[in-house]
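Quick note, the sequences are listed as chains A, B and C, same order.
The numbering of the first sequence is the working numbering, which starts it at 1 and goes up by one.
The numbering of the second sequence is the working numbering, which starts it at 1 and goes up by one.
The numbering of the third sequence is the working numbering, which starts it at 1 and goes up by one.
I should point out that these hints are in silico values taken from the structure, not numbers from a laboratory.
Mixed in with the good hints there might be a few duds.
Copies of one chain are not kept apart here, so a pair can be met inside one copy or by any two copies together.
Unchecked claim - Below, in silico cross-link-like pairs of lysine-lysine (DSS-like), each with a Cα-Cα straight-line distance of 25 Å or less:
{"hint": "1", "residue 1": "K120", "residue 2": "K57"}
{"hint": "2", "residue 1": "K57", "residue 2": "K161"}
{"hint": "3", "residue 1": "K120", "residue 2": "K161"}
{"hint": "4", "residue 1": "K53", "residue 2": "K120"}
{"hint": "5", "residue 1": "K161", "residue 2": "K53"}
Everything numeric in this text was worked out from a predicted model, so none of it was measured.
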Amino acid sequence: MLIRLVSFIPSDNNLILHLPGGSVTPPLGMTSSAACVWGRFLVLFCLILRRVKSYRKELWFEAPTRRALINITPQVTACLGESGVREGLALVNAMHITASVFINDDESGLHQDYDRWLEKLAPHEPTSQYLHNRTGEDNADAHMKRQIMGRGVVVAITGGKLDFGPWEQIFYGEFDGRRRKRVLVKIIGE
Amino acid sequence: MLIRLVSFIPSDNNLILHLPGGSVTPPLGMTSSAACVWGRFLVLFCLILRRVKSYRKELWFEAPTRRALINITPQVTACLGESGVREGLALVNAMHITASVFINDDESGLHQDYDRWLEKLAPHEPTSQYLHNRTGEDNADAHMKRQIMGRGVVVAITGGKLDFGPWEQIFYGEFDGRRRKRVLVKIIGE
Amino acid sequence: MLIRLVSFIPSDNNLILHLPGGSVTPPLGMTSSAACVWGRFLVLFCLILRRVKSYRKELWFEAPTRRALINITPQVTACLGESGVREGLALVNAMHITASVFINDDESGLHQDYDRWLEKLAPHEPTSQYLHNRTGEDNADAHMKRQIMGRGVVVAITGGKLDFGPWEQIFYGEFDGRRRKRVLVKIIGE
């Protein structure tokens, strides 16, 4: 049961304690029996006190169209597995200001509804209606759409899983695609 | 002053250290005086190093109407008390994709304004205007309304309290009610 | 390399271990050589186990106009430096329910676009269109605008820096200004 946390290997001349973050040796000049006690202390404390873990990964996407919704739940789930975090929070956010990460339903009709609805609230055309587009961009509407859908989500992690209700799925919402863009996954916990 | 963290009880034949996560005994064969020192180590380290705490609870609601706003600040405050977390973050989110958790004012006129405003931005009727409703649902508008109001909130915890400004209150926003639905409260910190 | 974590100073008669949270002395009656071992334990554990850090600060703003967007990235970056957190999450949120904290582009044309767009979605006038304004307020529209732009953001901290994409900047969005209002910065991590 200790294997996941530490392995305690008494070798011929000295004791080395292998911990997730590296190896440590007992203080110099410590007798063998004292070093054994020392090792037990370390094992105990590692069990008693759980340390903060953190994990970071970038997910890359290139939508072939200006606007797209991509279900990224499998990638985020894989990140959580790599992180080893059992209890904590996962932040998943677009690293670009014309894109969104949000949680909703994986239903194609709804996705088309979202697209029409966002176009009604913040139409792409005429592009001249936005001052931002005078900078040479044509994506001012994408900056609006992303505010409605949100920059990102924070998801609870419980028992090593994304703590979701029945239909929750994580989406990358692209509003100015046709180029490589990133999503950040940051996980902290224990 | 140690009582909240640990209780150190020397019994007749052995020493048992009672910690929040369980009890531990000294290494076998350790002399009584050495065990006393061992116990002091544990107490010290528990004081010096604060461990990550995590807490999870589901709150259930059944709004009698299609749409409703429910002040859930008292329930979240109770969760925080149960968690014992003094410094950290609380995530409170709807576990359903047709509902919201958000922070705003507990003023009934404003709540009616929100309802009218959301109906204007994403009207419930005609239900046939949404492709999603071809699946047999009639709640596509609720998926839109929830995106405007947000899936959930992250609240700072300071000194064991929700770290709020003068009028901040947490609401469950129901946009497709008349059935039992859940809110997740996840707290991490120390 | 230990200096940032602890300083271990053997003085004439006793050993005192200086830790970030205060100082501790060895158990009474411990021999000098045992106290040396005791000190090494503490140092080791402080290295092995990283403790949760938390930081809190309020930023104050007084916009001279009803509506304003203020780039607060420099202040949040300064907070992060003060916190000493290397890996974790920063929550930055408006403490008032007629204001917002969000992440987008620092481009003046876009800021004017946001203002026009929010006025279209939730116009300030006529103020009589909102029931909330019957309480004597005239800021119901600000409560709507803030919901679209969001209460706050959670930002990843990696290597002691705000983990941002190429154009991300943090803004305080004021929708009912001309008075002193606050933003909360809460950082947790290690």
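Hints versus structure:
In this assembly of identical chains, K120 and K57 lie within 25 Å of each other by CA distance neither inside one copy nor across copies; the values are 34 Å within and 38 Å between. Proximity of K57 and K161 under a CA criterion of 25 Å is satisfied in both settings, with 17 Å inside one chain copy and 15 Å between copies. Neither within a single protomer nor between protomers do K120 and K161 lie at most 25 Å apart by alpha-carbon distance, with minima of 37 Å and 38 Å respectively. When the C-alpha separation of K53 and K120 is checked against a cutoff of 25 Å, the pair qualifies neither within a copy, at 43 Å, nor between copies, at 45 Å.
When the C-alpha separation of K161 and K53 is checked against a cutoff of 25 Å, the pair qualifies both within a copy, at 15 Å, and between copies, at 17 Å.
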